[in-house]
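Engineer: The primary structure of each chain is shown beneath.
There are 2 protein chains.
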Amino acid sequence: MKIPSIAISRLSVYARNLDLLDQKGVEVVSSVRLADICGINPAQIRKDLAYFGQFGVRGVGYYVKELLFEIRRILGLDKEWRLGLVGVGNLGSSLLRHAQLVMNGNYTFVAGFDRKPKRIGLKVEGIEVAPLGDMNRLIREKGIEIGVIAAKPGWAQQAADMLVKAEVCGILNFSPIQLQCPADVFVENVDFSLKLDVLRYRLISAGSRPRIRSKSAA
Amino acid sequence: MKIPSIAISRLSVYARNLDLLDQKGVEVVSSVRLADICGINPAQIRKDLAYFGQFGVRGVGYYVKELLFEIRRILGLDKEWRLGLVGVGNLGSSLLRHAQLVMNGNYTFVAGFDRKPKRIGLKVEGIEVAPLGDMNRLIREKGIEIGVIAAKPGWAQQAADMLVKAEVCGILNFSPIQLQCPADVFVENVDFSLKLDVLRYRLISAGSRPRIRSKSAA
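Residue numbers (the numbering used here), protein chains in the order written: chain L, 4 to 221; chain E, 4 to 221.
So here's chain L without its partners, still in its complex pose (with noise of 0.2 Å):
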């Protein structure tokens, strides 16, 4: 059974949620307050859980340290992941500046690389930018699961073939490029303005513009 990509993503919102209350010392959670928590159905979580067990006392609700340990497992949250960054421009360096602060400590970058000789040598956050020739050394060295295209469209393509070449077992894309790459190697795209396609088409079905409409009647 193919668990779709929303229902894990949910998952690892129920997890910091889940965190974030253990923190504060609280034991157990009703699936309605945690639902709330989360700004997600209570009936859309016990389908999510149900994906991988049976979790919760009806009546009572879920143990949070129980049920945050599990879903870390499924998540495979409890293991370090190490990503090299391909593309280190504006994006690239702004990724590594905010890892820190949103990847939980889940995720460590140790290495970036790019393909402007001026940025060779270059330290952010602690990570020295290497030439794309030293890519399956590092890649290889460093122990890298996933690589993480910040590259301009123009070589995106060129990043990911790199990437493919060197075995990471999965990309993350953040370059508009729909990335051609084989079947066995995961690829997820960060695309946000897909995400302004799909807000604006939400917006268009919902009815007309307020803004607009305020600005012709001034």
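Any given hint might turn out to be false.
[What the hints assert, rightly or not] Label pairs and their in silico Cβ distance ranges: (1) P185(L) to D22(E): 25 to 31 Å; (2) G28(L) to L141(E): 39 to 45 Å; (3) P7(E) to G62(L): 42 to 48 Å; (4) G62(E) to R140(L): 47 to 53 Å; (5) E131(L) to L141(E): 38 to 44 Å; (6) A53(E) to Y54(L): 23 to 29 Å; (7) K121(L) to A53(E): 46 to 52 Å; (8) F72(L) to F55(E): 42 to 48 Å.
To be clear, the hints were calculated from the coordinates, so they are not data collected in a lab.
Just so you know, even glycine gets a beta-carbon here, dropped at the ideal spot from N, CA and C.
Keeping the supplied structure of chain L fixed, place chain E upon it in accordance with the hints.
Structural biologist: Here is chain E on its own, set in the frame of chain L:
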């Protein structure tokens, strides 16, 4: 009928690739060829398009210009939308710099806000950073439809509350916080650590971690 977000985001992938085909002078494309270019299953394309009507000619394929026009109309890509950025730090600045590149001219940042006094008045890509106190006025004056939150987790909810008060229609959220917003405000989350969690889950499900193996073998 509520159309899944994932189908809408695929629609915008189709539009991009149809645009490229159109620029190359291609007039007709089969669903198999289009699927191949987009890295998607042909049956999926037919299913996604079926949400919106009858497209394509059996045994011929899709007329590129016609399908592109229809998808653009469906997604509202024929109009420009205006964005306001809240949080002009590393991530926010990088978004402003990348906006032109990745947004295909469909979205324009027209204002930026920050709470740090030292950032007020700075110009990033032609956008002058304004204080939070100016948000209400500028969002109305500049006709901003969508608020983009690149604030740190500590004040992301405050940023959302202010955007809601200023009556934006939708929010694109880059912070790792699950925002609490009224039901009539549409929120899309761009959370790359969730994407990493999905990627990691797929890797774990698929088998072991080759990087680790090669390390211990070395």
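Engineer: What are the numbers of the hints that this structure violates, sorted from low to high?
Structural biologist: Hint 3 is the one this structure does not satisfy, whereas the remaining hints hold.
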